[in-house]
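**Q** So you can see what is in the structure, the chains are spelled out below.
Number of protein chains: 2
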Amino acid sequence: MNAVRYELLHECKQTGARRGRIYTPHGVIETPVFMPVGTQATVKSLTPEDLKEKVNAEIILANTYHLYLRPGQDIVKMAGGLHKFMNWDRPILTDSGGFQVFSLGALRKITEEGVEFKSHLDGSKHIFTPESVMKTEEDLGADIIMAFDECVGYPATYEYTKQSMERTTRWALRCKNAHKNVEEQSLFGIVQGGMYKDLREKSVKDLVEMDFPGYAVGGLSVGEDIETMKDILNFTTPLLPKDKPRYLMGVGSPDYLLEAVLAGIDMCDCVLPTRIARNGTAFTSKGKVVVRNATYEKDFTPLDDECDCYTCKNYTRAYIRHLIKANEILGVKLLSIHNLKFLTNLMKSVKIEIENDNFGTFKEEFYKKYGYTNE
Amino acid sequence: MNAVRYELLHECKQTGARRGRIYTPHGVIETPVFMPVGTQATVKSLTPEDLKEKVNAEIILANTYHLYLRPGQDIVKMAGGLHKFMNWDRPILTDSGGFQVFSLGALRKITEEGVEFKSHLDGSKHIFTPESVMKTEEDLGADIIMAFDECVGYPATYEYTKQSMERTTRWALRCKNAHKNVEEQSLFGIVQGGMYKDLREKSVKDLVEMDFPGYAVGGLSVGEDIETMKDILNFTTPLLPKDKPRYLMGVGSPDYLLEAVLAGIDMCDCVLPTRIARNGTAFTSKGKVVVRNATYEKDFTPLDDECDCYTCKNYTRAYIRHLIKANEILGVKLLSIHNLKFLTNLMKSVKIEIENDNFGTFKEEFYKKYGYTNE
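Residue numbers (the numbering used here), protein chains in the order written: chain A, 1 to 375; chain B, 1 to 375.
The reader is advised that the hints may include incorrect statements.
A pair holds if it fits inside one copy or across any two, identical chains being indistinguishable in the list.
[As the list claims (entries may be wrong)] Lysine to aspartate or glutamate pairs mimicking EDC-like chemistry, simulated, CA-CA at most 20 Å apart:
1) 298 with 139
2) 242 with 89
3) 298 with 74
4) 298 with 11
5) 368 with 116
6) 135 with 112
7) 313 with 50
Bear in mind the hints are in silico, worked out from the structure with no lab data behind them.
As the structure is a prediction and not an experimental result, all values here were calculated from the model.
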């Protein structure tokens with residue numbers, strides 16, 4: 001039996017948005033879900049208890065490229081895998097490193113075999129192939145592992161996107177053949193094809209034939225405008241099988257999350273909530289607040305007066321602003337807790353509204369209050 | 001009645017070390033106590049709950065100089081004082097800013113009136129006088145506030161040390177006269193006099209005549225060797241009244257803490273445990289461990305196998321090393337929790353050993369195992 005299994009609980013009659021459940025070796029995930037990113041085997045500034053008790057995170061991500069380079073997959077494996085290494089007993093998903101490797105630009109070279117690249121840390125040379133990445137992800141030991149793909153940037157020509165998508169498909173098959181421990185880890189395929197619908201359709205068709213236990217939509221939110229993104233997402237997602245989880249990679253702003261759910265996506269991840277925390281910015285029910293700004297110097301109210309998170313219950317904007325201005329770690333932590341809990345709370349509402357066949361109305365009301373922003 | 005009151009519970013028959021209790025408006029402190037430092041209204045990387053539940057901190061420090069400059073005493077006052085501002089409901093002690101101001105070197109000028117200095121943040125000009133510092137410390141609202149003193153460096157001539165000590169004494173009186181809310185905050189005097197015993201004796205005599213509710217020994221651990229420090233400390237401390245708490249400023253290494261207790265000190269503070277955490281260093285029962293070193297890369301044991309702290313119960317040296325190498329905040333936090341809990345645990349043992357009239361033996365045994373280091 002596959003390590004990971006999806007159960008569709010309900011489709012919103014108003015929108016078709018999906019309410020479901022993902023069963024994994026480390027527990028059940030209620031979907032749609034936002035997954036915090038722990039790039040280097042830690043969600044920046046938070047303990048596992050913070051993630052469980054203060055954020056209610058059901059699953060987190062870790063990055064294969066970063067962990068391959070540091071501390072190295074051998075050390076994580078010796079530790080007993082990522083769960084034990086980082087003291088996290090809920091589900092983990094590892095990406096394939098493809099996104100990071102392709103982001104290296106001049107530092108990498110693509111061949112049919114795989115990608116040669118130089119480490120951003122010390123310039124040392126490495127090669128990722130579908131087979132090597134499967135080995136790395138097996139050593140890391142996440143519940144869900146991603147196939148090695150090329151994430152094409154924006155804009156890209158039809159010809160390049162086609163060649164790349166076809167290679168990604170061939171790599172997906174090599175990943176599937178290389179991946180053995182299917183009862184402990186489930187391998188998801190990644191749909192590519194850029195902003196070209198026929199390529200997306202072909203990508204889905206070929207991947208679905210390989211019968212992965214889950215599918216991701218990659219190559220979106222890479223610089224295109226939101227209308228293009230929505231267009232491709234809304235075209236691609238319904239092509240995917242209904243009985244498998246669907247994961248939109250790299251999306252984490254509240255508005256994009258809602259668009260993803262509307263399209264029928266079940267899982268999203270992004271570094272945004274913790275990255276903007278480091279810049280002193282908070283999501284709130286009325287839009288983003290840059291709490292490091294001088295205007296909050298004497299503001300003794302919480303980040304978001306509608307929020308029930310640890311940060312909002314105990315600290316004021318004035319204190320958090322002070323911490324951020326003074327480069328105090330606690331400021332980043334308090335903002336990270338809030339931003340992640342904001343998304344957890346948002347997804348909690350989303351789940352209820354889907355169950356109530358009211359997701360479309362909810363989304364419009366949220367936008368009206370939050371302000372529709374294009375991250 | 002004074003805000004702060006000391007009760008001597010027991011003197012170790014072997015050594016004379018004191019076991020006592022300090023009553024404050026925000027609760028009782030069991031002494032001897034080590035006080036973590038929260039320079040900018042946060043003990044770096046820790047939440048108040050971490051300090052209570054993971055460190056068992058009974059009192060923390062905050063720095064007047066830093067908070068005066070940023071966020072400013074008016075903002076802390078508007079927030080309802082430091083306790084509310086930082087969400088900490090146990091006792092707080094604020095230093096007087098003297099140590100920081102005198103550390104500014106060329107950026108400050110001393111007169112009888114006070115000290116003119118330039119902010120290390122933006123070069124802006126400021127003046128601290130005994131009266132202004134009392135106002136600042138009242139606005140900050142700590143339970144224990146310190147008199148404005150000059151902390152003389154090492155070495156210093158007899159003549160300079162004498163003049164400075166006499167000025168510190170005059171400033172102490174001005175502080176006492178300026179300090180009004182004695183039922184909410186208690187003002188401690190600070191003994192100076194450098195490495196000269198007759199000056200220390202005179203300083204104690206003059207301060208004790210002013211009848212402060214507590215006394216600090218300042219101007220030690222400023223660069224002198226440990227034998228000189230012990231000599232001056234052992235000479236000075238017994239001159240202080242038995243019925244008042246005695247605070248040795250700026251001491252936080254395990255060996256110096258034990259020397260302080262041996263001399264009859266009740267309270268110590270230092271940034272050391274959190275500062276060395278940021279450098280990847282841990283106190284352990286067998287001496288310091290620089291966990292960022294390569295030798296711990298594959299060490300899957302806890303920082304200290306005799307430690308019961310959150311960090312040691314849940315994380316390995318290999319993981320903490322990875323976090324520190326990867327500049328992850330969690331690494332600093334885990335080490336800070338451990339280092340502070342190590343000192344809390346040490347002081348817990350110290351209290352028991354004093355009660356058992358066994359502190360001298362305990363100290364020798366601790367040194368044998370820990371290794372006597374000169375921080």
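**Q** All hints are to be evaluated individually against the structure, with a verdict given for each.
**A** How the hints compare with the structure:
no.: 1; hint: 298 with 139; in the structure: between (50 Å within a copy, 15 Å between copies)
no.: 2; hint: 242 with 89; in the structure: neither (28 Å within a copy, 53 Å between copies)
no.: 3; hint: 298 with 74; in the structure: between (50 Å within a copy, 9 Å between copies)
no.: 4; hint: 298 with 11; in the structure: neither (46 Å within a copy, 48 Å between copies)
no.: 5; hint: 368 with 116; in the structure: neither (47 Å within a copy, 54 Å between copies)
no.: 6; hint: 135 with 112; in the structure: within (18 Å within a copy, 72 Å between copies)
no.: 7; hint: 313 with 50; in the structure: both (15 Å within a copy, 16 Å between copies)
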